[in-house]
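Student: Line by line, the protein sequences are chains A and B.
Just so we're aligned: 4 in my numbering is position 4 of the first sequence, and the numbers increase by one with no gaps anywhere.
Just so we're aligned: 284 in my numbering is position 284 of the second sequence, and the numbers increase by one with no gaps anywhere.
Hint data in this document are derived by calculation from the structure and do not stem from the laboratory.
Predicted, not measured: the structure shown is a model, and the values here were computed from it.
A portion of the hints provided could be inaccurate.
Stated by the list, open to error - Restricting the straight-line Cα-Cα distance to at most 25 Å, the calculated cross-link-like pairs of lysine to aspartate or glutamate (DMTMM-like) are:
hint	chain 1	residue 1	chain 2	residue 2
1	A	Lys280	B	Asp325
2	B	Lys242	B	Glu252
3	A	Lys280	B	Asp118
4	A	Lys429	A	Glu471
5	A	Lys254	B	Asp315
To be verified - Over the 12 Å line for every Cβ pair with chain B, so calculated as not near, a few chain A residues:
hint	residue
6	Gln24
7	Ser144
8	Lys207
9	Pro505
10	Arg535
11	Phe587
Every residue, glycine too, gets a C-beta built ideally from N, C-alpha and C.
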Amino acid sequence: MTKTTEKKRDVVILFAGDSGDGMQLTGSLFSNTSAEYGNDISTFPNFPAEIRAPQGTVAGVSGFKLQFASVDIFTAGDEVDVLVSMNAAALKANLSQLKRGGTIIANTSGFDKKNLRLAKYGDAESPLLDDSLEEYRVIEIDISKMTKEALVDSGLGAKEIERCKNMFVLGFLYWMYNRKLENTEVFIKNKFAKKQQIMDANIKALKAGYYFGDTNETFTSRYEVESASLPEGEYRSIMGNQATALGLIVAAKKAGLDLFYGSYPITPASDILHELARHKNYGVKTFQAEDEIAAVCASIGASFGGAFGVTASSGPGIALKAEAIGLAIMFELPLLVINVQRGGPSTGLPTKTEQSDLMQAIYGRNGEAPMVVIAPHSPSDCFDTIIEAARISIEHMVPVMFLSDGYIANGSEPWKFPSADDIAAIKPKWADSEKSMTDRGYLPYKRDEKLVREWAIPGMKELQHRIGGLEKDDETGNVSYDPENHEKMVKIRQQKVDIVADFVPEIEIEQGEDSGKLLVLGWGSTYGAIMTAVRELIAEGKPVSHAHIRYLNPFPKNLGDVLDRFDKVLIPEINDRQLVHIINSKFLKGALPLSKIQGMPITSKEIREKILETLNES
Amino acid sequence: MTKNPEDYTSKDLATDQDVRWCPGCGDYSILKQMQGTLAEAGVAVEDTVFVSGIGCSSRFPYYMNTYGIHSIHGRATAMASGLKAARQDLSVWVITGDGDSLSIGGNHLIHLLRRNFDVNVVLFNNEIYGLTKGQYSPTSPKGQVTKSTPMGSLDHPFNPGALVMGAGSTFVARSMDRDPKHMREILKAASDHKGTSFIEVYQNCHVFNDGAFGVYTDKDSKAMTTIFLKDGEPLVFAGEEKGIRLNGMKPELVSLSDYSKEDLWIHDSSDRYKALMLTEFFDDQSKEDALPRPFGIIYQEDRFRYEEAMQDQIDKAVEVKGEGDLDALIRGGHTWSV
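The following block holds chain A by itself, in its conformation from the complex (with noise of 0.2 Å):
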């Protein structure tokens, strides 16, 4: 019989099961071998807060969503082709992002009466019996028991067997998919190198999947997605927690700096710490503090005495981090606070993605404490984005507030990487015992033109100056209460923050003309989606425009230009309307939400449609 094979432009496939079924790596060895393949990939784990949610039920699913193309894309995708569902609750999670039409292949052991009481199918109706899936094609396998058959000379128990299920499931996907196993089967040898029983059953299980799709002749049809024409170049598959850490040991190394992680463990900032922790050999010291507060303190002890101090946590730890972060504006030392965003208020949604620190970030600290705020605005991005905010930090002596969140810090795309010599190097501003002298003695709070004092450390001769928290004296530093002087000082820190809107890049448009009816105004991760979106909108000959904030504070200084430009608008946000705020204090320009606050990006069709309706209004 022969088996035809379909050309594809994109297609998104939902890894779903529970928590402990091993989607998430089945999805990123699908996305690996992919993104080597030659497509352009983007990926966007979603997992639940519980290590172990109950098993079976909707709570406890963990879904791994990627998108893989033959055209470069931004996003993990909207709407799902095919949905990998282990179980019944699996599929009752995450059926409503599936394209009508699309693909269901079910694992039917995972629908027996006990799985199906679990997803709170009623009466314990499976799905899969009656025609509620109709407009999809649903494609049974029972994967478990074929696993449990591939595996049965294998010397290995149950429970292990049951464990290697995924790798069927992927192996059938690969051959859905025409991709060739030696990638993944060379992962498998490496990871359980020691292991030889589990390294052979976990290879057996995924040539079984394959197989069966080439040998069972109810499959008809592969596809193909071909090779997407990114730029040449050598590539490698980077997530954005990953990149923010090799970017921070790449800004110390390029400032001659020690770089001092204090970091308190946190959903989901913790990866940072956990891959500085492994590079020690860089001269990285990582400090798991006591907690959130005494992480930034110590990073403030550190930079006191010359290192790059960096602290990093979610909401939560970052609002117990505040009264530290006004500490340090008031040091003026080089201080790097980064937050990975996640749903709040409180504890929130530990492990979904939201944008709704922004105004937290900018003005959540007591008194007069500006901050200089910058996000990165994808996964690779969190690279450039973290040496750009060491830069800034350390060559202003300012602290810097890093906005990554959720969805980046988790999510993979390919990367082009640079080259280390490509990066230029940072400066500090060093005092010199002799240079930084003066006839009043040394000044620790003397400045330059752009409002930035010298950085004495300890050990240098003739410079012993003492900082604290208290107002301070313009020059000398010592405790001031001058009415005037205080005045003088909250204006010279605000400046201070200002004067970096000099030395940053003006704000381009991304796509689109430079001016015309309607611009999409993002900042941080839903660039991916207005991308798209605007994209889209372009080909079909639509006047809309997308640019993209990275400094949020202080603004590109052409940002108000850039808006006037435009009649209208439109800042697509993941929190209730922070930045729209922002920007119409500002400006004065009227601009117009799209928020979504469901702990989940906005998709690029829900863009699509609001930029729609914003146009067919004017």
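With the hints as your guide, set chain B onto chain A.
Tutor: Relative to chain A, chain B alone:
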């Protein structure tokens, strides 16, 4: 001109700032002894850092001609941890009070102690919040009447010595503002100790809690209520009329007319069990048969310092993997070409 540390006098440790504690405050005495101690310590002023939190005592760094951080309430210990981790070469002192380190900063204190950073912590205990004008503190005795406790405080007070022993402190000592000579000895010993030194200083708040430690510091009562510990010597006090002996597992107050010095508890600051017991000498002195309050070095041990172990790991990583190469880092393990 830069002076050699060997030539320092107390003046070289002082700044030009006016000292702004209330007249009669015990802090003056501690400042003077600190300046004197450091003048003799042989460490350069530029290699020394004083770190404080918030409270009356926390103004201390402004008066020391070293590098200094006047940080935020309770966080001096955390700040010093990062500083010491980044800069092993520095001599770091933390100046704190009973509110700063035992209330708002309690967490950081215990973690500093268990990590054993080579930092010296001087806790000025005055059993009151002075800077905020007289509320009870975590060391105030139960029932203390203050502005915030007009009917007497309900809190059972901390026993700082027992607390820090529990936290794994490697140097525990107690001194008092009214005994400059003793304080100098203790500060010197703390400065010499490798690891976190914890010194509790009984410090009189002249304005809000005058005489809180009078029973230990006043000439009339001091002999009967205090015992000054010396390694290898028996626990005697009250003009050598009284002593402490160990009766099985219990300390017992005895008269030297009934026992000889050989029968008494011999102080050994390296004995953890005895030290734990000594920190429990915490009786109210109005109680009959109250045990005297011990002063001096209660406990001292040599244990690895966090900052050194941290550097060892880095050195080991370099030894095993080689000095980090940025391009290798950026490339990662697996790449492909387009």
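Student: Regarding the pair Lys429(A) and Glu471(A), is the alpha-carbon distance no greater than 25 Å?
Tutor: holds, 23 Å
Student: Closest CB-CB distance from Gln24(A) to chain B, is it above 12 Å?
Tutor: Correct as stated: the minimum Cβ-Cβ distance to chain B is 18 Å, above 12 Å.
Student: Is Lys280(A) close enough to Asp118(B), meaning Cα to Cα at most 25 Å?
Tutor: It holds: about 22 Å lies between the C-alpha atoms, which stays within 25 Å.
Student: Below or equal to 25 Å on CA atoms is what counts here, so check Lys280(A) against Asp325(B).
Tutor: holds, 12 Å
Student: Please verify whether Lys242(B) and Glu252(B) have alpha carbons no more than 25 Å apart.
Tutor: holds, 11 Å
Student: Against chain B, does Ser144(A) keep a CB gap of more than 12 Å to every residue?
Tutor: holds, 31 Å
Student: For the pair supplied as a hint, Lys254(A) and Asp315(B), confirm whether the alpha-carbon distance does not exceed 25 Å.
Tutor: holds, 21 Å
Student: Are all C-beta atoms of chain B more than 12 Å from that of Phe587(A)?
Tutor: At roughly 36 Å from the nearest Cβ of chain B, Phe587(A) sits farther out than 12 Å, so the non-interface label holds.
Student: Hey, does Lys207(A) actually stay past 12 Å from chain B on C-beta?
Tutor: holds, 22 Å
Student: Verify this label for me: Arg535(A) is non-interface relative to chain B, using a Cβ-Cβ cutoff of 12 Å.
Tutor: holds, 21 Å
Student: Does the no-contact call for Pro505(A) survive, Cβ to all of chain B over 12 Å?
Tutor: The claim stands: Pro505(A) keeps its Cβ more than 12 Å from every Cβ of chain B (closest is about 22 Å).
When each numbered hint is compared with the structure, no violation occurs for any of them.
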